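Peer 1: Generate the whole structure from the sequences, applying the supplied hints.
So you can see what is in the structure, the chains are spelled out below.
There are 2 protein chains.
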Amino acid sequence: MRKFIEPESVAIIGASANPLKGGNALVANMKEVLGKRVYPVNPSHKEICGLPCHSEVTGLPEVVDFAIVFVPPPAVPEVLEQCGVKGIKRVMIQSAGFAETGAEGLALQDQCTNIARKYAMRIWGPNCMGVVNGRTGMVASFMRPEIWKGRLKPGGVSLIVQSGLLSAGFILQILSEGYFGLSKACSIGNRCDVNECDLLEYFSDDPETEVIALYLESISDAGRFRRAISRLQRPVVLLKGGLSKEGARAALSHTGSLAGDGRLAEGFFRQLGIHRAWDFIEWMDLAKALVLWQGRSGGHRMAIVTFSGASGIVSTDHFIRRGMAIATLSPATIEKLRTVYPPWMEPRNPVDIWPAVERSGREAYAVALEAVLQDPEVDGIFVHIYVDGSLLNEVLAFLRTLEGCKKPAAIWVVGDSAYFRTLRDGAERMGIAVYNEIERGVRALSLFAHPKK
Amino acid sequence: MRKFIEPESVAIIGASANPLKGGNALVANMKEVLGKRVYPVNPSHKEICGLPCHSEVTGLPEVVDFAIVFVPPPAVPEVLEQCGVKGIKRVMIQSAGFAETGAEGLALQDQCTNIARKYAMRIWGPNCMGVVNGRTGMVASFMRPEIWKGRLKPGGVSLIVQSGLLSAGFILQILSEGYFGLSKACSIGNRCDVNECDLLEYFSDDPETEVIALYLESISDAGRFRRAISRLQRPVVLLKGGLSKEGARAALSHTGSLAGDGRLAEGFFRQLGIHRAWDFIEWMDLAKALVLWQGRSGGHRMAIVTFSGASGIVSTDHFIRRGMAIATLSPATIEKLRTVYPPWMEPRNPVDIWPAVERSGREAYAVALEAVLQDPEVDGIFVHIYVDGSLLNEVLAFLRTLEGCKKPAAIWVVGDSAYFRTLRDGAERMGIAVYNEIERGVRALSLFAHPKK
Numbered sequence: 005m006r007k008f009i010e011p012e013s014v015a016i017i018g019a020s021a022n023p024l025k026g027g028n029a030l031v032a033n034m035k036e037v038l039g040k041r042v043y044p045v046n047p048s049h050k051e052i053c054g055l056p057c058h059s060e061v062t063g064l065p066e067v068v069d070f071a072i073v074f075v076p077p078p079a080v081p082e083v084l085e086q087c088g089v090k091g092i093k094r095v096m097i098q099s100a101g102f103a104e105t106g107a108e109g110l111a112l113q114d115q116c117t118n119i120a121r122k123y124a125m126r127i128w129g130p131n132c133m134g135v136v137n138g139r140t141g142m143v144a145s146f147m148r149p150e151i152w153k154g155r156l157k158p159g160g161v162s163l164i165v166q167s168g169l170l171s172a173g174f175i176l177q178i179l180s181e182g183y184f185g186l187s188k189a190c191s192i193g194n195r196c197d198v199n200e201c202d203l204l205e206y207f208s209d210d211p212e213t214e215v216i217a218l219y220l221e222s223i224s225d226a227g228r229f230r231r232a233i234s235r236l237q238r239p240v241v242l243l244k245g246g247l248s249k250e251g252a253r254a255a256l257s258h259t260g261s262l263a264g265d266g267r268l269a270e271g272f273f274r275q276l277g278i279h280r281a282w283d284f285i286e287w288m289d290l291a292k293a294l295v296l297w298q299g300r301s302g303g304h305r306m307a308i309v310t311f312s313g314a315s316g317i318v319s320t321d322h323f324i325r326r327g328m329a330i331a332t333l334s335p336a337t338i339e340k341l342r343t344v345y346p347p348w349m350e351p352r353n354p355v356d357i358w359p360a361v362e363r364s365g366r367e368a369y370a371v372a373l374e375a376v377l378q379d380p381e382v383d384g385i386f387v388h389i390y391v392d393g394s395l396l397n398e399v400l401a402f403l404r405t406l407e408g409c410k411k412p413a414a415i416w417v418v419g420d421s422a423y424f425r426t427l428r429d430g431a432e433r434m435g436i437a438v439y440n441e442i443e444r445g446v447r448a449l450s451l452f453a454h455p456k457k
Numbered sequence: 005m006r007k008f009i010e011p012e013s014v015a016i017i018g019a020s021a022n023p024l025k026g027g028n029a030l031v032a033n034m035k036e037v038l039g040k041r042v043y044p045v046n047p048s049h050k051e052i053c054g055l056p057c058h059s060e061v062t063g064l065p066e067v068v069d070f071a072i073v074f075v076p077p078p079a080v081p082e083v084l085e086q087c088g089v090k091g092i093k094r095v096m097i098q099s100a101g102f103a104e105t106g107a108e109g110l111a112l113q114d115q116c117t118n119i120a121r122k123y124a125m126r127i128w129g130p131n132c133m134g135v136v137n138g139r140t141g142m143v144a145s146f147m148r149p150e151i152w153k154g155r156l157k158p159g160g161v162s163l164i165v166q167s168g169l170l171s172a173g174f175i176l177q178i179l180s181e182g183y184f185g186l187s188k189a190c191s192i193g194n195r196c197d198v199n200e201c202d203l204l205e206y207f208s209d210d211p212e213t214e215v216i217a218l219y220l221e222s223i224s225d226a227g228r229f230r231r232a233i234s235r236l237q238r239p240v241v242l243l244k245g246g247l248s249k250e251g252a253r254a255a256l257s258h259t260g261s262l263a264g265d266g267r268l269a270e271g272f273f274r275q276l277g278i279h280r281a282w283d284f285i286e287w288m289d290l291a292k293a294l295v296l297w298q299g300r301s302g303g304h305r306m307a308i309v310t311f312s313g314a315s316g317i318v319s320t321d322h323f324i325r326r327g328m329a330i331a332t333l334s335p336a337t338i339e340k341l342r343t344v345y346p347p348w349m350e351p352r353n354p355v356d357i358w359p360a361v362e363r364s365g366r367e368a369y370a371v372a373l374e375a376v377l378q379d380p381e382v383d384g385i386f387v388h389i390y391v392d393g394s395l396l397n398e399v400l401a402f403l404r405t406l407e408g409c410k411k412p413a414a415i416w417v418v419g420d421s422a423y424f425r426t427l428r429d430g431a432e433r434m435g436i437a438v439y440n441e442i443e444r445g446v447r448a449l450s451l452f453a454h455p456k457k
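For the record, the sequence lines run as chains A and B.
Sequential numbering from 5 applies to the first sequence in our numbering.
Sequential numbering from 5 applies to the second sequence in our numbering.
Calculated directly from the structure, the hints in this document are not laboratory data.
Treat the numbers as computed from the prediction; the structure is a model and nothing was measured.
Treat the hints loosely; a few may be bogus.
Repeated chains share a single entry, so a pair holds when one copy, or any two copies, can fit it.
As a list, the in silico SDA-like pairs of lysine to any residue whose alpha-carbon atoms are at most 20 Å apart [unchecked claim]: (1) Lys25 <-> Pro65; (2) Lys153 <-> Cys53; (3) Lys249 <-> Arg325; (4) Lys35 <-> Val371; (5) Lys410 <-> Gly430.
Peer 2: Below you can see the structure in the form of structure tokens.
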């Protein structure tokens with residue numbers, strides 16, 4: 005697997021001289037990290053992106069680590085034969101038009117698998133968008149360079165996505181939103197050979213991967229999956245498609261996946277300590293919390309520090325619905341809060357900080373955050389923040405109280421949305437997860453309420 | 005009520021000459037719509053915001069439609085007496101520091117209510133952010149003008165919010181995000197007199213209010229509430245705080261509300277056909293759908309038109325979980341889809357449009373949307389869109405197929421987030437609700453699955 009993810013040389017079969025085509029983007033993207041060891045293959049050109057273009061893969065000056073195939077489906081088997089003859093051991097088929105299109109496509113895909121077997125060659129795909137390596141900056145995908153350049157943020161989350169088009173759109177969204185830093189994003193498409201287990205096993209030994217986000221419609225091999233997850237020693241958050249009978253039927257015609265019995269699968273995932281998401285943004289939101297809060301202690305007793313009675317109440321409702329508890333603050337915390345609270349107000353949880361801010365200034369937030377952070381009765385912290393342009397820096401200043409703390413800490417933010425992203429990026433650099441939905445912050449904190457791994 | 009919402013003259017007691025203070029923002033904001041008929045009251049100044057400043061409310065040249073009170077709580081009763089003597093019949097107390105702060109504050113609030121009763125005066129508040137009238141542009145609130153100017157978008161949604169600070173932050177967020185057009189946003193705070201029933205009754209006769217979004221911790225008067233809702237003839241979406249025992253306890257100390265028995269309340273709201281939200285953004289997302297889809301037919305049979313098998317499957321799972329169905333497309337629709345589909349692919353629902361786009365161009369989207377729109381077997385339409393800078397205009401072009409259609413239609417969007425807002429604003433002008441979470445689009449469509457009003 006390593007040479008798929010950190011190659012030193014690649015061939016691009018189906019390279020194009022037209023800058024609007026995916027076959028051109030592939031060459032331009034790979035050239036960024038591998039330079040001259042990228043070999044465009046296309047009989048109609050002498051040069052693509054300033055690199056010499058070869059008419060056949062058999063004529064390349066070296067046996068590349070892997071070949072990316074981006075030619076029309078009927079031409080793929082012949083290309084695989086040539087790769088086999090050349091001695092190339094890894095092929096990534098990014099073209100679509102195989103098993104996902106029906107019986108004919110499935111037959112073509114089987115033909116490819118047979119050729120690969122003959123040459124002991126591994127196939128990644130088909131119908132996939134490839135790999136993005138956030139650490140090395142490698143984008144082995146047909147996304148145009150202007151879409152991803154300047155947006156790749158390295159980090160600890162690795163994605164494994166069983167889909168083609170969605171993963172391209174989704175990875176672009178992660179990059180443009182800057183949700184979290186990427187370790188590796190792997191779109192495995194129809195997974196005719198390389199599957200989620202291969203990658204889970206690889207990530208077990210990848211020190212750069214801290215959290216894994218999985219989108220799957222079925223499990224390739226339940227026994228191997230179980231062993232791979234047990235060996236991982238990293239949290240996994242799974243979004244599974246095909247939970248309903250109707251969804252499973254659609255999955256069958258999408259990637260030929262047997263989505264199987266929903267309830268059975270639920271038990272299997274629970275046993276393995278896998279966290280679950282039910283929608284794509286939720287899936288990212290949870291991965292973000294898991295990577296920010298690595299190694300923190302957990303528990304179910306929550307402190308809410310809020311500027312608003314209403315949001316404190318709605319947060320309480322959500323925590324209770326998830327089986328968590330509102331912490332009973334210790335006497336020491338109550339004493340510390342009294343130093344900033346107005347005399348008529350008895351401190352309690354949810355910690356309504358506004359009267360204290362009116363009396364003691366925004367410093368009161370720092371005092372309250374420090375107090376609940378030190379309180380042995382508190383396992384996790386949910387802070388509500390109002391932000392606008394004039395408050396941004398003050399907010400970021402008092403949040404420093406929570407910087408690198410050992411309890412999971414999340415923020416819910418309301419106010420002028422023009423400042424949300426700056427606030428989010430600043431807070432998340434301190435290890436505090438930021439959400440703009442109360443429910444999402446509560447769900448993230450619940451990951452640590454009943455620690456699973 | 006009308007004179008609170010469309011006044012012709014107001015006094016601002018506690019006006020300030022300091023542009024950083026709320027008492028200054030109030031004068032500046034009101035002057036925008038009422039000009040010289042705004043009367044700042046403050047004994048220390050001769051002029052505020054270019055308007056003559058009066059030392060006492062009794063000395064004003066006219067009996068204003070209402071007085072906004074923004075002085076420290078202990079000074080409020082005296083101010084109310086003066087308003088009564090002057091013959092002013094409506095007072096809006098925006099100052100905080102009353103019942104929400106404990107026994108002493110509650111006594112002060114009761115004192116105010118008694119004074120009001122003596123003079124047959126209505127009190128709005130205290131502890132509220134006032135009223136924003138999206139149609140007239142009136143911001144009767146202490147938000148600074150630079151925060152809301154240029155952002156007020158008139159529309160059909162009226163908000164009634166039982167909270168103080170949260171509503172200020174929240175209304176700013178609605179304005180800065182441009183979620184939907186505002187008819188009126190009313191923050192009723194501690195509602196010592198004016199309550200949600202007064203406003204619901206007022207909105208019954210307000211042709212500009214098409215949908216009502218309510219945040220409440222308790223119902224002031226269940227009988228009157230029931231009658232007001234029945235008379236409304238407009239959809240209502242409610243976010244209720246204090247559903248859990250712990251949340252209800254917090255509500256008691258927030259606005260003195262008896263949040264009551266959760267399950268009893270559920271039955272009451274269901275009987276009245278009130279839609280429910282569980283979080284603030286969801287609340288707005290649902291209000292948006294209700295205002296965009298007014299008067300459309302409904303039903304539970306959904307068509308999904310998607311570029312991605314994976315998102316089609318996850319959407320199917322969510323529809324099924326909500327008790328809805330994936331429509332069986334009629335033969336006529338299948339025929340229309342065949343004209344753009346590649347020959348090897350059998351059209352079905354979810355309508356996976358990508359192979360058709362590859363064969364027939366993005367026109368295929370328009371053909372598919374037109375087909376499901378005409379299909380008598382389809383009650384609602386959920387479209388999945390990938391967007392980046394190069395596609396934005398093409399996407400908006402094929403969405404025109406759904407412009408002003410008679411079935412509820414929602415979009416889920418993924419891709420380059422830099423273009424989400426432009427896409428959203430464009431699509432919503434055509435009456436199509438845009439979401440970036442599948443679950444949220446499904447929930448919105450479910451509002452019309454079992455029509456309630």
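Peer 1: Checking an output row: lysine 410 and glycine 430, CA cutoff 20 Å. Within, between, both or neither?
Peer 2: within (18 Å within a copy, 45 Å between copies)
Peer 1: Classify it for me, lysine 25 with proline 65: is the Cα-Cα distance of at most 20 Å met within a copy, between copies, both or neither?
Peer 2: Intra 26 Å, inter 74 Å, cutoff 20 Å: neither.
Peer 1: Measure nothing new, just compare the shortest in-copy and cross-copy C-alpha distances for lysine 249 and arginine 325 to 20 Å and report within, between, both or neither.
Peer 2: between (27 Å within a copy, 11 Å between copies)
Peer 1: Cα distance capped at 20 Å. Does lysine 153 pair with cysteine 53 within a copy, between copies, both, or neither?
Peer 2: Within one copy only: 16 Å inside, 49 Å across.
Peer 1: Within a copy, between copies, both or neither: which one fits lysine 35 and valine 371 at a CA-CA cutoff of 20 Å?
Peer 2: neither (52 Å within a copy, 40 Å between copies)
Consistency note: the structure conflicts with the earlier hints numbered 1 and 4.
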